[in-house]
Structures are given as structure tokens and as C-alpha cells.
Amino acid sequence: MERNGHPKIGVYVCHCGVNIADKVNVPDVVEFASSLPYVAIAREYQFMCSDPGQEIIEQDLRDGLVDRVVVAACSPLMHEGTFRHATEEGGANPFLYQHANIREHVSWVTADGELATDKAKSLVAAAVRRVALAEPLERKQVPIDDHALVVGGGIAGIEAALVLANAGRKVYLVEREPSIGGHMAMFDKTFPTLDCAACILTPKMVQVGQHPNIEVLAYSEVEDVSGYVGNFEVRVRRKARYINEDLCNGCGLCIEKCPWKNIPSEFDQGLGNRPVVYMPFPQAVPRLPVIDREHCVYFQNGKCGACKKFCPRDAIDFEQEDKIVELKVGAVVIATGFKPFDASRIPLYGYGRFPNVITSVEFERMANAAGPTGGKIVMKDGSVPKRVGIAHCVGSRNQNYNSYCSTVCCMYSLKFAHLVHERTGAEVYNFYIDMRTAGKGYEDFYHRLMAEGTHFVRGRVAEITDVPQVPEEDGHLVIQAEDTLIGVVRRIPVDMVILSIAMEPQADATEVRRKFGMSCSGDGFFLEKHPKLAPTATLTDGIFIAGACQGPKDIPASVAQGQGAAAQALSLIDSGSMELEPNTAFLTEELCSGCRTCVGLCPYNALAFDEERKVVALNEALCKGCGVCVAACPSGALQQHLYTDEQILEEIRGVLAYG
Amino acid sequence: MKAPPFLQGRITYENQITPDFAAEVAAIPGGEGIFECLQCGTCSGVCSVAPYMDYTPRRLINMVRAGFKDEVLHSRTVWLCTGCYACAVNCPAGIHITDVMYALKRLAIRNGAHPRRYPIPVLVSEFINNVRQTGRSNEAKLVVRVALRTNPLRLLKAAPLGLKMLRSGRMHVRGTRIEDPQRLNRMLESVSEARK
Amino acid sequence: MANEDYEPTIVAFTCTWCTYLAADLAGTSRMGYPANLRIIRAMCSGRIDPQFVLSAFQWGADGVLIGGCHPGDCHYQEGNYKALRRFKLLKKLAAELGIEDERLRLEWISASEADKFRDVVNDMVEKLRRLGPRSQAQPLPEAVPAPAPEEAVHA
Amino acid sequence: MKYTYYPGCSMEGTGRNYGESLVAVFKALGHDLEPLADFNCCGFIAYMSIDQAQALALAARNLSLAEQRGVAELVTPCTACQVVLNRVDDFRVRYPQLMDSVLSTMRESGLDYRGTVKIKHPLEVLFDDVGVDSMKERAKGKLSGFRVACYYGCLYNRPHTISEEHFFPTKMEEMFSGLGMEVVDYHLKTKCCGGSLTNTVEAVGLDSVFKLLQGAKRLGVDAIATTCPLCQFNLEAYQGRISAMFDEDVRVPVMYFSEVLGLEFGIPEKELGLQRLFAPPSLARA
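Line order of the protein sequences matches chains E, F, Y and Z. Counting in this note's numbering, the first sequence runs from 7 upward without gaps. Counting in this note's numbering, the second sequence runs from 880 upward without gaps. Counting in this note's numbering, the third sequence runs from 249 upward without gaps. Counting in this note's numbering, the fourth sequence runs from 566 upward without gaps.
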């Protein structure tokens, strides 16, 4: 714009269809705006974000009618970028722009039209005052590291890793457990097609293990994360396996020779045992055993050491210690999955009191041919159940535990009903609140189960008891529930009850969330950037989420998200470099008194004290634009682009001047 | 236009229900949760007397929401509730079902809809008189009065038990009283006055 | 003392990552709350200069709300702690200036806590209505100066 | 130490031996247990069925009396009274407006309640404060091997505790087994006894009682131990009739947990009011 003369501000008020115009009297606001100092033009339009809407702005700029822009519309997080772009298209610097949020903060939350209009006016006034002080800025270009990190080796993480690797990117896949595979590796069949989980998962796991572009860091956890989009620095703790990975060829002799074979297997949910030296399951990737230090006699009294004696390659290393590896990556996909609900929290279901009340995960292991019972569905005494109850919504849709619907339970409960019926011929009773089969081919599966003669009782299981009321109930578990469609209370004696437990956020979700600077939604799952339009992005650029860590999900949805998140990470990486918001701090050296207040405040070490010149030195490359130092600087030497003291003060004046 | 005779009582027409009944119940402290109900039936399932109710608790709550005021207030369900709180502490929707039952009992009485010679409301009113007179309740007196007002023959049936209790000194015939029952009554009056 | 038609004006300074998003979510969830609030967005609650708060009061705000991420959730590691430290000093200062406790408030509101945001606004507006206009004992609101001086407008 | 307890109306009638045995047991353990003077009926569930505000006031008056006498913990043996009295504080939180108006009106008639009184069941006092160990010192081993079903009733832990304990409290079991008795795994221990139904809609009430007795009887117990006067009465008073009605012998001694303790401590049966039971337990096995 010309050096001399006033700013010429254009104010554009959006109707957003009826979203804004219904409450806010737009013409009134426009008239008000045009009366404000320096406002050259005030216009209104149905949808400012539409092409014609943007065109209005661009034209006014090209015609030289305005040189700064204010748009009053939805939240800036929605369309600030859009209108900055329009401003740029019109030939002005994109940062001579100010956004006023009169939808989320006004029309959608204010009942009274007049009050809404007044509030909109004062926000517009503030934006006008602030844009008058806006300065042209250049965006900073930063290179993007072309490595990617995937956290979590479940099906979502596996998919993400493969997509990235197949595109030629180097991927680090970090998994907490000794092997990748996640929960899916425990499952038997998958709904609705009933193909076996292992058959479709293990090939993927092998691909991952063999892929030249994927480095699997199993039995490892992320310690901490620093840096920013395109340039993350991640420290990973590689927990000691007490196995020399370079020497071990996974022959499994150590496992065979380990004399202590009675440790409850985590992978089998404690239904079976494993040795102290073990692989969680035969198809483990990487194919490396782990020594369970806690239970190993050698670590207790130096005796035994059988594994070491027999290992043909001398790969056992009792001296091994945790290692820290440092990774530099441009993008991160978080796929840390879920934790199954602890069924013992519902006392009336008797989980823990009744041996034949089991959880869905336990059932998956039992039904799995490679599982503790070799795929036989049996009770604790080894006999085959004649009647089996399946309780839906255990720990979900319940304000005492989790109020959300866990989305997958209905379908896997139907799958269980089929497996039980198929393998034992038992009568199966499904107790449900609402049958939710929304998914391709899911409803058909429900109908198939009804045709198979599964009993469906619409009513939540109220209680599972072993106290009989009639002779037929003697020696059985009894499920008590109201059959709400009939309107009577029923008591149904069964031999076994399967509790369809909810998916919960991982126990350490909060720590993970904080390490990566993510937010979480009310239910504790990681928060996506937008529930519809950006389900796998997060509010932190360069950090993406996939699978059940974002919310309960079945396998197809987790796979889709894994691939989607990977694609987003890929497009970020492949852009090679990216523009950062130019909201960094800047220093006016003459004003700096050298008090050093700011130096200690900066979390990114962007500020250092220059001993010769007795002033601070600011490294803008390291600055992330929080503005903490600016607020603290007593002499006003430090300011923040886009958020200078004067600009903010001007905005304050604005909102107050027009109450 | 009236419903054809053969449909009388088989179809519920909108003009037969009380649309604002739900709001009325929800406005009572304890009733606020009813709109959260999932109709899962947990309340009925854990209730030890549900099998004897004319409507299960779950069904009753839905009838409240649907505005079936007469049916609800005349039902015996609320009077059978022993107040054991099994439903309330189990409700996935966090509804204070027991409090809802109390609320419905009060509404039934206020609307004179409670079943007349049904022993439970009778017990309630006798209990109140009892407390109003002495500030305490006297079990023996209560039992006798309730029997007299509902089914005097029961007194004969109960006689042996009564004797047993007398002999074991577990029946206090006269009953005791607080120092100043009148003062207590005045306080109670002023309390419900303040609420109006 | 609070007269019927008195409506307090509250200036809210929020961080971009948590509280501003909560306010947006309150909007998308159509949660109603009084129109007394004026939100000014900064990147981090740690950017909020005490000068902003005092100026707001000086120019006629009846209350000031500062919103940031919960401790440990700061997008910039610990800007919110710095905001908290600053806030404590600010409280003392405000007290000396005769600004009642209810008028200055700091709240941790995460991106998903739209209902908390609404509740805080409702509560604060309610309290300020009861409290009534700023008492004459306090420095009278100076008239808001004319818009930005021309020389500030440069390219 | 000196405890104040809220007798509730039953202690003068059906629950007389509950009060007697409690006082005796506390004394044996070196504690005094004194009744709250001029207490009034808590209102039971009946009053809530007539007038919410009055019901709350009725309960609050007792708390106010206790507070005036500086009682911090009001020992409440009747679990029904316990729930009703607890409801005052519960409603303070859930419905402050309602509770404030009730309390402020009471204040005008000289009954102030600031909310400082905690309601505690004697079983909690004995288990948490006195402790099983100091009870062991007092134990005489008289009941070693005594087979007992611990029945808490519905209101002992409902609705005012954490969900884990709503249905399966264990303090009585831990206490008795700690004293060498044989406690059985009685899954019905918090099912409702039918309350006042036994006296109104008999069929329903007695059915509830039958299930409870049947459950215990099948476990072959010497006695059922209870924590509430109404439960004790319901379980004990109708056994003959129920056995006939359901054509199954469900007769089994029903005592207060305090009477069981008293026997173990060797307190004379008369002080425990054992003679008031309709069917005192045979201590043959003990």
C-alpha cells in the first residue's frame, strides 16, 4: 500500500446461509462497519468462503478500493487460511488480514438476535482496529525430514507403516510389546466374513518385518519428543530383551530348554502358560525371544542359565541394558490402540468370582486354534457348555463406566454366537440394549445369526448369579434380565457367560498425548482435528492418529484410518518443505536492556545472552511463537509478529469501545 | 370424532395422554434423569419385587415419558418399591430411580390416584399420623391400624406373632414420644409452606 | 445493589489450542451462554501480558477471563504455568486497585471441555451481575482513545 | 471412648435386643454408647412418599440435635435410618436449592444444621475404628467354627458408597473369620428383605424373605447375622409360615451381628437380649 495516506479497510460480513444471518442482523453490522474509521468498503454475502465470495475480496483489492481485509464469518481455524489466500490473490500481503468469529462465538451461542448483533459489531470493530496495525509478513520455509515414525504396531500402525514404506519412505515402527500384531493377532475369526485373523494379518506382519524401508523397534517405547512439524526429534527406549538381536536367528531352542514354563501368558490372557524365555506367539515379528527378567531364576540367584548354555549362537546376553536411540522424523502416525475394559468393575457380573464368566478377549484366545485350548470352546473343567450367554455393552453405554457406545461389541458378539453355536451346538443367548450393525455386510450377518437360531433378548444383563431359585437352575450360572420387548423379568440358566467388554483408552494415553502435544476428547481418546473433515489429523501439525486410539473402531475402520493417516504424512513429507505461520518473536535490539528475563522462559532455547554486546540474541529458527518471552519483556524489546502488544491492545480497545 | 367402539382401549390416542407429564416429573428433585433412560431394563432385572409389579420400573419410566399419567399414577408398581436402591446404583443412565418412585407416590397421593384400601398407602398415612402425634413411630400401633383399615381379619392371623413379641418384650404398647411433638409439627408445616 | 438492566462486559483472553477451541466447540454444539463475553485469541495463555488485563479494566471491562490448557497439556510445554505465575501477581495488584476477586479469573479449559467453558461463562456473568458495576472508588474508565494513530500504519 | 447413637424407633420395639447387645459389646471393648436424647423418627421411606421437604426436615432435625451436642459421628444401627439421615447431606450436594430452603426454614424454628455430622454404622465403627485385632484380644473362642451367613441387607451400602461395595461388602466376614468363625459365601447378602411389604402385601414380602432364608439354609449355617432391625425381624418372625407356604424347611436362627460378637466375647446372653429371639441359635457346634 502507499506509504502516505490511511489504510483502506474492506469489511466482508458472511451470512453463512442462515447460520449467521438468522441471529445476526447482517445489514445492520455492515452499516455499522462502514461507519468505522479507515473502513473503505463494507459488504455482505451469502457465503464468503465460496469462490464468488472470495472473488469479491480479490476484486476490491485489485481495484485498489481496499488494501486490508476483515472477514466476519465462522471460526478463523476454519477459514482464516482461505481468506488470507484470497487477500494474497488480490495482490496484498496475506497478513494484512483479520478474522472475526461471529458464528461459533456469536450466532450459534446467543439466543437473542439484538444481543448477537451487538456482539458481532464489537468483534468487527475490534478486527478493524487491529487490522489497521497489521504488517506485511513473509512465511518462513522449513525443510521436512523424509523419515516417518509410526507408534504402535497393531493393524492400524502396520497399515500406516506399509503405505509409507511402499512409497519409498524410511519408516520407524515403534511397538511396546515384544512383537507387532496388536489385539488383532489375538483374535480368531473376523466379522462379518469370518476369515481368520491370523491368515490376513500375519502376511502383513511378515511384509513389515522384511520391508527394506521399515525398521521395527519392538519392545520399545517413546521416551520424549521435541522439535516441530517436519523436524521432530524422538528418543526411543529399547527395553533389554537379554537377547543379542544380531546373533539370534530365532531358532527357539532357548524357549524349548527353559525349565520354567509356568508363567501365565499375557498374550493368552492368562488362560495358558509360557516359559520365562518366550515369544508371545509363534508368528511373532520380529522373530526374537524375550527373557522375562522378573520371573527368571538367573536374575534372582545366578543359577540356571539353561538358555545361555544351549544357545548355538551364544545370543543370550544377561548383561544387556535398555538402550536409548534418537530418531529424526518429519511426520508421526500415532496408532497406540485401546485397552479392554476391566470386567471385575461390575460386581453383579461376578467376573473373577465365577470361573465360567469370561471376557471377549479371553474368548478370542479360547476360540483361536493356536490358543490355550487349541480352539476348543470349553468351560474351566474342560467340559463343553450346553448353554452360553453373551452380554453386550459391558462397560460401555454406561455412565458409571464409559458412556460411549464401543461400536464393535454388537458385531463381535454376533460372531461369538456363531462360533459357539458352530463348534459346540450350544444354545446361545445374546443380551443387547440396541443391536448396532452399521457397516457393509453387517446387517446380513445379523440376519444370518437369527436364522441360525440364536436367541436374542433385548435387555441389559442385570445380574449373573449362582443362587438357584428353581431346580433347573441348580449348578448353573443364571442370567437375570428384563426381556424388555415382552416386559417380563427372565432368568436364564447357562454354563458360560461371555462379557462383551468395551474398548477404553490405553492406561498411559495421557502421557502419550502430552509427549506428542495432542489433546483428547471427553472420553479420553485422542482428539482429531475435525470430527468429519480431518479425522486422522491432530491439532499439532505433523502428528496424525489412526485406529482405536482415536475412538472405538473395528478392523476395517482402523485399516482405513491407518492408510489415510499414512497418506497425509506422505503428502506432508513429499512436499519437501513447508511454510510456517510467521508468528515468531522479533527483537528490537536498541530497546533490550539485557535483563535476561526472557532467556530462562523460552522452552526452545531460542533466546541466548550475547555476552559481548550485553543484549539477548534471538534465533528465530528455533522460535515457535508462543509469545511467553514477549509478555515477560519489561522493555518491549521483544515483540511477536501477528500478536504485537499494540495489535492486541487495539483489539481490546475495539471490543470495549463498542461494548 | 370418537374412536370406533372396537378400538376403545386398544389404541391410545394422543388426546388420552398428558404430554407435559414427563416434564412435571423431571422437574421434581430426583426425577431429572428420566429423559436419559435407555430402556435397557437393568432396573427391572435387579429389582427383587419387579415380578409382582403391574408395570416393570423400566416400562413405567417410559410411560412417564410418553405421558401415560393416569396409568402411571394408578399403578401399584410405585407402591411395591421397597426403596432398596438396587436399580438406582446400577442404572447405566444414572437415573435416581428410587427417588423417581417416591416422586410418583407423592403425585399419586396428591392426585388422589393411589389405590384406596391397598395396604401400602394406608401404611404410609398411618405412619405419618403416628409420627405427627408423638414424633416417633410405634410399630405395634402401626400394624394394628393398618390391619383395621385394610383387612381386619389379618389381625387374627397376626395375633400369635403379637403375643410372641409381647412375651419377648419386643412390642412397646404405649410407645414413646419426643418432648414437644407440637413444635415438631409446626416446624414441618413451615417447611412445606416455604416450598410453596 | 445490582440494578436489573445492568449487563457486565467480560474480556476473555484464550490460547489458540485449548480454550479457544472449547469456545468453538460450544458453538458447534449450540450451547447457549450470555452475550457478555468478548474473546481475544493469543497463541498461548503465556502471551497474556498483565498490561492487557489492566488496560481492559481501565477501558471499562467489568471482568477479565484468562483461559489456557490444563497443566501439563500446554502446546508450548509450560506457557500455562508461566501464565499462572503471572496471574498470581496480577491478582495481588488487582486487589490493591480495588478490583474485586470475582472480576479476574483464570481457568484451564481443554479443547473438549465446551460444557466447562459454558459453565464458567455463565457462572462469571452471574457473579458479576450480582456484583454490579465497577464501584466509583476505582479509577474511572478512561474514554477509549481514537483508533490507531496514523503513524502506526506503515508498510 | 464415648459414642452417641441414633436408636431410631425400632430400638424400643422389635429391635430392642439390637440396642442392648450393641451397648454391651461396646462396653466390653471399653467404649460407651449413649442414645441421642429427644431423637425423632427419621421418616423412614414412608415420609418421602408424602412430602419431600418435610421428610428431609424430619431427618435433619436429628442431625441438628447431634450437631448441637457436638457429635461428629452419629452411630446409626438401623440401615434404613442410616440412608434417610445420609440423604440430608446427599441432597445438599444434588439439590442445594431444595436443601437450603429446608434448612433455612428450620433455622427460624431454632434448628440449625451446618452439615458437620457424619453418619456411621456400628459395624463400620467396630471394624474401622476399634479394629479386629483389639476384638481378638477380647475374644473367648466360644464361637470357633460357628457357621454364619453375613446378611447386610439392601441399605447397608446403598446408595451411598462406591460401586464395588454396593453389593458385596465384606467387613462382617473379615471380622467374624478373624475371630475364628466360619463365614460362608452368601451371595444374597445385600438383597432386599422385602421391607415393610411383609406387613402389607404379605405374599410379595414373604417371597423375598423365603429366597434369603433358603439361600442361607442351603449353606447349612448355624445362624444368619444381620445389621438392620427390619431385616432381622422379617427374616426371623415368619419362618414357620414361610416353611409351610413354600413347603421347604427354611428355619434358621437370625441374630444381630452384635449378638454374635457378644457371644464370642462371653457376654451373658441376657445382656445381649438373646432371650428375646424367637429361635436362639444352638451353640452345640460352638
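Just so you know, the hints here were simulated from the structure itself, not pulled from any lab data. Given the structure is predicted, the values throughout are model-derived calculations rather than measurements. In this text, a Cβ means the ideal position worked out from N, Cα and C, and glycines have one as well. Warning: the hint list may mix true and false statements.
[Stated by the list, open to error] Dumping the calculated EDC-like pairs for lysine to aspartate or glutamate here, alpha-carbon to alpha-carbon at most 20 Å:
#, chain 1, residue 1, chain 2, residue 2
1, E, 245, E, 272
2, F, 1043, Z, 577
3, Y, 364, E, 529
4, E, 535, Y, 363
5, E, 386, E, 433
6, Z, 782, Z, 772
7, Z, 776, E, 479
8, Z, 782, E, 325
9, E, 521, Y, 321
10, F, 1043, Z, 834
11, F, 1020, Z, 767
12, Z, 776, E, 272
13, E, 535, Y, 350
14, E, 245, E, 325
15, Z, 782, E, 479
16, E, 309, E, 262
[Stated by the list, open to error] Some chain Z residues well away from chain F (every beta-carbon gap over 10 Å; in silico):
#, residue
17, 619
18, 695
19, 701
20, 731
[To be verified] Ranges between beta-carbon positions, derived for each pair:
#, chain 1, residue 1, chain 2, residue 2, range
21, E, 386, F, 989, 38 to 44 Å
22, E, 478, F, 995, 55 to 61 Å
23, Z, 710, F, 995, 39 to 45 Å
Outcome of the hint check:
With a CA separation close to 17 Å, the supplied pair residue 245(E) and residue 272(E) stays within the 20 Å bound. Restraint check: the Cα-Cα separation between residue 1043(F) and residue 577(Z) comes to about 16 Å, which is no more than 20 Å; the hinted pair holds. Among the hinted pairs, residue 364(Y) with residue 529(E) is consistent with the structure: their alpha-carbon atoms are about 15 Å apart, no more than 20 Å. A C-alpha spacing of about 19 Å is found between residue 535(E) and residue 363(Y), which places the hinted pair at or below 20 Å, so the restraint holds.
Note on residue 386(E) and residue 433(E): the hinted pairing holds, with a Cα-Cα distance of about 18 Å set against a maximum of 20 Å. Restraint check for residue 782(Z) and residue 772(Z): satisfied, since their Cα atoms lie roughly 15 Å apart, inside the 20 Å limit. Of the supplied pair hints, the one linking residue 776(Z) and residue 479(E) holds, its CA atoms being roughly 14 Å apart against a limit of 20 Å. Annotation: proposed proximity of residue 782(Z) to residue 325(E) is violated, straight-line Cα distance about 61 Å (limit 20 Å).
Distance restraint check for residue 521(E) and residue 321(Y): the Cα-Cα separation of roughly 9 Å lies within the 20 Å cut-off, and the hinted pair is therefore satisfied. Straight-line distance between C-alpha atoms of residue 1043(F) and residue 834(Z) comes to about 19 Å, which keeps the hinted pair within the 20 Å bound. A threshold of 20 Å between alpha carbons decides the hint, and for residue 1020(F) with residue 767(Z) the separation of about 18 Å falls inside it, so the pair holds. Taking the CA atoms of residue 776(Z) and residue 272(E), the gap is about 41 Å. The hint is violated against a cut of 20 Å.
Distance restraint check for residue 535(E) and residue 350(Y): the Cα-Cα separation of roughly 34 Å exceeds the 20 Å cut-off, and the hinted pair is therefore not satisfied. Using a Cα cut-off of 20 Å, the hinted pair residue 245(E) and residue 325(E) holds, with the two alpha carbons roughly 13 Å apart. Between the alpha carbons of residue 782(Z) and residue 479(E) the distance comes to roughly 17 Å, so the proposed pair stays at or under 20 Å and holds. Proximity of residue 309(E) to residue 262(E) is assessed by CA-CA distance (about 18 Å); at most 20 Å being required, the pair is judged to hold.
With a least CB separation of 5 Å from chain F, residue 619(Z) falls inside the 10 Å interface cut-off, contrary to its annotation. The beta carbon of residue 695(Z) sits about 27 Å from the closest Cβ of chain F, which is more than 10 Å, so the claim that it is off the interface holds. Look at residue 701(Z): its CB is around 32 Å from the nearest CB on chain F, clear of 10 Å, so calling it non-interface holds up. Annotated as non-interface, residue 731(Z) brings its C-beta within 10 Å of a C-beta of chain F; the closest such distance is 5 Å.
As the Cβ distance of residue 386(E) to residue 989(F) is approximately 55 Å, the hint placing it in 38 to 44 Å is violated. Range check, residue 478(E) to residue 995(F): Cβ separation about 40 Å, and the 55 to 61 Å hint is violated. The hinted range of 39 to 45 Å is not satisfied by residue 710(Z) and residue 995(F), whose Cβ atoms lie roughly 54 Å apart.
Figure legend: structure checked against the earlier numbered hints; hints not met, in rising order: 8, 12, 13, 17, 20, 21, 22 and 23.
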